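Chains Y and F, in that order, give the protein sequences.
Quick note, the first sequence lines up with residues 178 to 870 if you use the numbering used here.
Quick note, the second sequence lines up with residues 178 to 870 if you use the numbering used here.
The set of hints was computed from the structure by calculation and includes no laboratory data.
Since the structure is predicted, the reported quantities are computational estimates derived from the model, not experimental observations.
Incorrect hints may have been included.
Identical copies go unnamed one by one, so any copy, or any two together, can satisfy a pair.
Said to hold, decoys possible - Within a straight-line C-alpha distance of at most 20 Å, the following computed EDC-like cross-link-like pairs (lysine to aspartate or glutamate) qualify:
{"hint": "1", "residue 1": "K519", "residue 2": "D281"}
{"hint": "2", "residue 1": "K252", "residue 2": "E179"}
{"hint": "3", "residue 1": "K329", "residue 2": "E755"}
{"hint": "4", "residue 1": "K452", "residue 2": "E497"}
{"hint": "5", "residue 1": "K855", "residue 2": "D714"}
{"hint": "6", "residue 1": "K267", "residue 2": "E372"}
{"hint": "7", "residue 1": "K519", "residue 2": "E278"}
{"hint": "8", "residue 1": "K519", "residue 2": "D545"}
{"hint": "9", "residue 1": "K705", "residue 2": "E780"}
{"hint": "10", "residue 1": "K252", "residue 2": "D528"}
{"hint": "11", "residue 1": "K209", "residue 2": "D560"}
{"hint": "12", "residue 1": "K519", "residue 2": "E537"}
{"hint": "13", "residue 1": "K733", "residue 2": "D714"}
Number of protein chains: 2
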Amino acid sequence: MENFFNPQSVAVVGVSDNPANLAQGIVANLLKFGYQGTILPVGPRGGSIFGLPIFPRLEDLPQAVDLAAILTPAKVVPQVVETCGRLGIKRVVVESAGFSELNDAGRTMEEKIRALLRRYRMRLVGPNGLGLMNMETGLALPFASLEPPPRKGRIAIISQSGGVGSHLFAWMAQEGLGLSKFLSLGNRLDVAENEVLAYFLQDPASQAVYLYLEGLADGRELMSLARKASKPVYLHAPNVGAETAVIAHSHTASLATDERVLESACRQSGMLAIKRQTEFLNAAKLVGQPPVKGSRVVVLSRTGGEAVVTAYACRQWGFELPPLSPPLAQLLRERSRAGIIKPTNPIDLGDIFDFGVYEEIMAAVCRDPEVDAIIFHYGPLADFEIQRGREMARELVEQARAAGKPLAVTVLISLGEEEFLRETLGVPVFHFPEDAVEALAASRFLAAGGEVAAAATPAPVDAASLAALLPPEPGFLSLAPALSLIGALGITVAPWGPAATPEEAVAVAQKLGYPVCLKLAAASLVHKTEAGGVLLDLNDEAAVAAGFTRLAQTAKDALPAGEEWQVVVMAQVQGGLELLLGARRDPVFGPVLAFGAGGIGTEVLEDVSLRIAPLSPAQAREQIASTRIGRMLSGIRGQAPADLEALSRALAVLSQLMLNFPRIQEVDLNPVRAFPGKEGLLALDARVRVSEQ
Amino acid sequence: MENFFNPQSVAVVGVSDNPANLAQGIVANLLKFGYQGTILPVGPRGGSIFGLPIFPRLEDLPQAVDLAAILTPAKVVPQVVETCGRLGIKRVVVESAGFSELNDAGRTMEEKIRALLRRYRMRLVGPNGLGLMNMETGLALPFASLEPPPRKGRIAIISQSGGVGSHLFAWMAQEGLGLSKFLSLGNRLDVAENEVLAYFLQDPASQAVYLYLEGLADGRELMSLARKASKPVYLHAPNVGAETAVIAHSHTASLATDERVLESACRQSGMLAIKRQTEFLNAAKLVGQPPVKGSRVVVLSRTGGEAVVTAYACRQWGFELPPLSPPLAQLLRERSRAGIIKPTNPIDLGDIFDFGVYEEIMAAVCRDPEVDAIIFHYGPLADFEIQRGREMARELVEQARAAGKPLAVTVLISLGEEEFLRETLGVPVFHFPEDAVEALAASRFLAAGGEVAAAATPAPVDAASLAALLPPEPGFLSLAPALSLIGALGITVAPWGPAATPEEAVAVAQKLGYPVCLKLAAASLVHKTEAGGVLLDLNDEAAVAAGFTRLAQTAKDALPAGEEWQVVVMAQVQGGLELLLGARRDPVFGPVLAFGAGGIGTEVLEDVSLRIAPLSPAQAREQIASTRIGRMLSGIRGQAPADLEALSRALAVLSQLMLNFPRIQEVDLNPVRAFPGKEGLLALDARVRVSEQ
């Protein structure tokens with residue numbers, strides 16, 4: 178990466194002096210941003226551009242080249258890359274479009290280029306991107322004219338889409354936020370996000386990294402980088418759901434929308450999930466500010482209305498406005514002319530025109546260790562206040578800085594003061610109170626950091642036992658082997674036995690005791706209930722025998738001809754709460770565990786929590802507690818809790834299973850029953866899907 | 178109101194030539210905004226300001242005055258108002274603070290002023306506000322210097338807080354949005370929001386009205402105005418929750434956070450609930466544009482990344498991106514050079530440099546009746562594209578306008594083009610795709626309009642029967658009369674009977690049949706279960722007798738000495754789903770009906786829907802359907818539905834009860850059981866609270 182961001186010389190390939198030539202935009206940007214290295218335009222028609230000669234061929238260049246930026250028609254690119262290889266140019270940035278994003282011919286060209294990269298040991302950024310920028314050196318490779326130009330600053334951007342990235346740093350410039358480095362991944366033919374992220378995380382010029390990704394190359398590696406990062410990482414990945422939503426087959430899968438997997442990944446690894454670009458613009462204003470270590474906010478507001486709006490926003494984002502400390506309350510009482518300031522939080526500075534009082538209040542707030550962040554709403558009421566107001570603001574900002582308190586400001590009445598506060602005082606200025614609170618919440622999340630990854634532990638069952646239970650062909654297991662597998666994992670299944678005839682079914686039922694239920698079991702029968710394959714509350718021999726006959730008919734009607742089937746007889750379990758425990762493989766993040774409300778509540782209650790494996794029992798406890806049904810299980814309104822220990826152990830065991838046996842694609846236990854005040858759990862149904870051997 | 182907004186002459190009271198005098202800001206604004214009437218500064222020290230003489234006293238004014246704007250110390254205000262009254266000045270605007278918002282003395286002064294208003298038949302805006310503005314006449318009464326100044330336009334603002342209102346119209350000016358009229362309510366001593374809203378709704382200069390309110394004077398009247406309005410009404414009321422959350426006593430009350438009541442009020446009356454000021458700024462950009470009549474959006478994007486972001490946002494806000502119409506798909510295939518445009522929605526205009534193609538595509542989209550809104554992401558890639566890009570944009574905007582299609586634009590790469598599109602073409606320009614989609618969603622909501630209010634119908638029980646069931650003193654009814662009341666309303670209660678001795682309890686139980694449950698009933702016992710006042714599953718005489726004795730002990734331990742109690746014996750109901758049906762009085766919006774998950778699920782499942790009365794059975798059906806438990810009741814995964822008819826009738830009956838009998842403060846039926854596949858419902862518990870007679 179270093180060689181991409183710090184070349185001494187750059188060849189720009191594809192330049193002509195035709196005003197509609199796009200590659201000349203690269204040369205223009207290098208000049209505009211003051212690139213200090215050598216700029217070498219290359220284009221077959223020669224001539225000159227912005228006073229620089231255009232060399233007809235790469236071979237004609239008078240000096241060695243560290244990096245080539247290529248913007249030619251796609252079909253020429255492989256040949257240009259090969260020439261670069263021959264000439265020893267080890268870094269190429271391809272901005273041309275028309276590759277794998279377009280059609281098969283483009284995909285073939287990418288394969289060809291990939292082979293060239295291997296042959297010449299070269300690295301490539303793109304194609305179909307906007308290149309990269311290093312604001313410290315003026316290396317600006319985008320071909321588009323950037324207006325307003327990005328400012329030099331501390332935020333690094335990795336964007337799959339050049340358009341989204343450049344749109345964002347244009348708005349960053351509007352908002353006074355500066356860019357350190359930028360890289361547009363494009364089609365990720367070679368360089369992908371994790372490598373760039375690792376580089377930016379150790380780059381001294383970059384204090385935070387934003388990623389815009391339409392697909393994730395390796396989600397687990399990304400999580401691992403984010404976990405280790407000491408800088409804020411923001412992840413905006415709006416398309417992950419669409420890309421990976423295809424694999425929805427059975428229950429767990431269809432619930433586990435990939436957006437929630439992504440959210441879990443972010444939460445677990447401490448990345449801030451960005452859902453809306455303005456969220457990032459707000460959050461980024463607090464980069465370089467002291468972190469928000471808790472939820473206690475003091476609000477100083479020159480108008481009561483903004484104080485109310487802020488209090489509402491604090492409630493929305495989980496901040497509290499604690500009562501003022503006794504010394505501060507005392508100060509406010511002393512300073513209060515005719516009770517104009519009430520010693521409450523938010524502090525309504527209403528009619529105080531003596532800005533010295535503001536400074537005293539701020540000093541007291543800064544001394545209070547129980548304050549995690551400060552919001553200040555300020556605006557001069559009339560022109561005569563502007564000058565003194567600026568002095569006061571400077572004093573307030575310095576106090577907060579000295580005290581290490583995060584401070585967020587909004588400017589009222591005279592928006593012109595925004596610029597003074599932002600540019601001269603370097604304080605984060607927000608347009609509206611909600612923006613300030615949203616940003617503080619982002620900082621609080623980032624300051625809390627991600628959790629440590631749980632250790633991956635040995636498989637809960639040995640390979641030989643497992644092999645005996647899995648069919649050789651891919652697909653769903655029939656119910657009996659699925660239940661056996663679950664039992665082998667140490668997860669209790671309700672007492673059951675298989676039956677191939679009505680007589681066998683009656684015999685099993687008598688062993689189990691009445692009432693029982695009967696379930697038709699066949700590999701192709703994934704949703705048994707809907708197919709009429711489940712009969713409940715059978716209380717005697719006659720009912721069981723008749724039930725078997727009915728299921729035999731269902732098998733005949735509903736199953737593909739010749740498919741093997743049997744009937745599972747299971748003890749009918751009374752009471753308890755119905756749960757879902759499941760696991761599946763996310764194509765980006767690998768094994769994901771699901772816990773939530775089961776039975777008919779699964780779809781309707783929308784109460785499922787997801788976590789990416791590995792999962793320790795303690796993390797499983799948190800996962801359970803994050804659902805509404807989990808809170809019910811923990812004992813509410815005087816009820817005894819259910820066996821949360823057994824449930825979390827079961828989730829951790831599923832995590833180990835998924836990590837250790839890649840053939841297992843999906844496990845779905847629904848319902849599992851747990852019982853308030855009783856130990857243990859009972860799985861009543863199991864779906865297991867395996868891939869090819 | 179007309180006389181407030183169109184005075185021929187304005188006296189500004191409290192002016193001096195001291196640079197720190199705030200009232201001179203009013204004069205400055207009148208001059209700055211070009212007020213055409215006569216400006217008459219008044220202040221005891223005389224002199225002159227901005228070339229105008231300052232008259233020492235109101236009595237000295239050389240001509241009749243239509244309106245007086247007062248910004249003097251609070252203590253002088255009553256006297257100034259009285260002088261105005263004596264001189265026949267019928268309209269006063271008081272901007273001074275220090276009244277009821279400050280202390281009791283201020284409250285007393287307000288009373289005094291109120292009496293003067295009555296005596297002299299005057300009207301007053303304020304105090305403690307920023308006055309009002311009429312952008313058509315230049316009447317600008319705020320004392321604060323407004324920077325940037327509001328633009329003249331079509332949005333009217335009513336704001337309780339002057340700070341919030343002026344902050345907003347400053348940002349409106351930044352965003353190219355204009356103001357028609359503004360009124361800052363302040364303490365609402367006289368003029369309150371509904372009167373102003375009614376005026377703005379018929380004001381030809383105002384095409385939309387935004388209200389910022391910290392408390393609502395009359396919520397039902399506001400709903401009624403909004404229902405009748407033919408203009409968008411936006412309501413931002415962040416403090417309503419805090420103000421009215423005090424009355425949380427029993428179950429329904431504590432669930433019914435007032436924020437959700439407010440949301441129901443907005444939904445029912447077709448007001449857009451604003452939760453964040455930027456939401457309004459986005460929504461306001463579509464004022465004056467064709468309404469969004471459905472959810473089918475076509476996206477034209479010059480960059481693939483913004484198309485992805487837009488598709489994600491559309492999913493979030495419930496828009497669909499339908500496949501392109503056959504003629505449009507055909508056009509794209511024809512226009513496609515080497516397949517560069519795929520005939521999919523979003524339409525990625527990627528590498529098309531011929532803007533004529535954009536125009537052809539737009540024409541085809543505009544002809545398609547299946548398209549409800551269009552989003553266009555545009556940016557010139559290089560300077561040479563700007564001029565032709567502008568011509569193309571003009572053509573696109575004209576096409577959309579002619580076709581009556583709402584069009585939202587974002588500008589990429591060169592943000593400078595935002596201004597051209599906004600100012601010259603007058604098209605709504607958004608900073609980010611999410612902003613555009615949010616605004617389209619707001620327009621879609623407003624276009625759908627509120628629902629017609631249900632007719633209030635006669636009471637479900639006559640006054641005499643009701644009086645016999647209600648105690649004379651305020652508070653909760655004991656369980657037996659509460660159950661009787663519910664039964665009298667025609668809502669089925671599970672079979673029950675009262676018992677004062679163990680023998681009576683056994684006799685009732687034998688009549689009902691076993692199993693039964695026993696409930697301790699006393700007026701002060703609101704949460705019976707937590708107090709150990711409910712015994713379930715009693716299967717024989719001995720258990721019932723022992724249970725009675727146990728509850729007698731509980732009564733002795735838990736109830737205030739001497740309080741009357743009895744035991745209610747109730748048939749133990751098996752199966753079904755536990756629901757909550759309830760009603761309470763919201764101080765702002767009046768009777769509110771609650772429906773949702775009951776029993777222990779009430780708190781945990783957070784699945785309660787609220788609606789403001791009156792409520793027709795059809796509306797109750799919708800209310801039920803809006804909950805997750807309601808969807809379960811309607812029959813999922815092959816289950817038969819429960820008796821939704823009976824449930825909606827019960828809610829409608831509670832609505833009638835609350836509307837007809839103001840003494841009833843709260844009714845809480847929890848649990849009510851409903852049974853999939855069976856008719857009817859059974860209320861198992863009832864709490865009823867009444868106010869004084």
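Alpha-carbon proximity between K519 and D545, which holds within one copy, between copies, both or neither at 20 Å | within (18 Å within a copy, 60 Å between copies)
Checking K519 and E278: alpha-carbon separation at most 20 Å within a copy, between copies, both or neither?
-> Between. Shortest inter-copy distance 11 Å satisfies the 20 Å Cα cut-off; intra-copy 62 Å does not.
Classify it for me, K855 with D714: is the Cα-Cα distance of at most 20 Å met within a copy, between copies, both or neither?
-> Close across copies (19 Å), not inside one copy (23 Å); limit 20 Å.
Given identical chains, is K252 near D528, meaning Cα to Cα at most 20 Å, within a copy, between copies, both, or neither?
-> between (70 Å within a copy, 15 Å between copies)
Within, between, both or neither: K209, D560 at alpha-carbon 20 Å | between (38 Å within a copy, 14 Å between copies)
Could you figure out if K267 and E372 sit no more than 20 Å apart (CA to CA) within one copy, between two copies, both or neither?
-> within (17 Å within a copy, 74 Å between copies)
At most 20 Å between C-alpha atoms: does K705 with E780 qualify within a copy, between copies, both, or neither?
-> within (16 Å within a copy, 33 Å between copies)
Within a copy, between copies, both or neither: where do K733 and D714 come within 20 Å Cα-Cα?
-> Neither: 23 Å inside a chain and 44 Å across chains, both beyond 20 Å.
Within, between, both or neither, where K519 and E537 count as close if Cα-Cα is 20 Å or less = within (15 Å within a copy, 64 Å between copies)
K452 and E497: within-copy, between-copy, both or neither at 20 Å Cα = This pair counts as between: shortest inter-copy Cα distance 18 Å, intra-copy 24 Å.
Is it within, between, both, or neither for K252 and E179, if the alpha carbons may be no more than 20 Å apart?
-> neither (29 Å within a copy, 71 Å between copies)
Give the relationship of K519 and D281 under a CA distance limit of 20 Å: within one copy only, between copies only, both, or neither.
-> Close across copies (14 Å), not inside one copy (71 Å); limit 20 Å.
Checked against the numbered hints listed earlier, the structure breaks hints 2, 3 and 13; every other hint is satisfied.
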